[in-house]
Amino acid sequence: MASKKNISKSEINNAFRKAGPYLNIGYTLLGGILVFGYLGNWLDEKAGTEPLFMITGLFAGLALGFYNMIKVINQITRR
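Here our numbering is used: the first residue of the sequence shown is 1, the next is one more, and so on.
If you're looking for bench data, these hints aren't it; they were derived computationally from the structure. No experiment lies behind these values; they were computed from the predicted model shown. Mixed in with the good hints, there may be bad ones.
Claimed, not checked - Pair ranges (Cβ atoms, derived):
no.	residue 1	residue 2	range
1	R78	G31	21 to 27 Å
2	V72	V35	14 to 20 Å
3	E45	I70	29 to 35 Å
4	L62	P21	50 to 56 Å
5	K5	L39	46 to 52 Å
6	E50	R17	26 to 32 Å
7	N74	S8	28 to 34 Å
Virtual Cβ for every residue (Gly too), placed ideally from N, Cα, C.
I would like the entire structure built from these sequences, with the hints used as guidance.
Quick look at the structure:
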């Protein structure tokens, strides 16, 4: 029978602390796309320019998400 290793709470906390920035990248990328896409859609409804601002907003959210991803990865690699 395989033996189980007892993992302390401090080891679990340390693992989550190290994984936190990586987990944050996905939420930031998705959040930027959703928020800017919604704002673009709202502007399209007001201006009557159906896909223009929504597509622009989606690309702006994607660019912002990638910028944040690069920034977080650079901070992690400096440690």
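Query raised in the report: Looking at the structure, which of the earlier hints fail to hold?
Result: 4, 6
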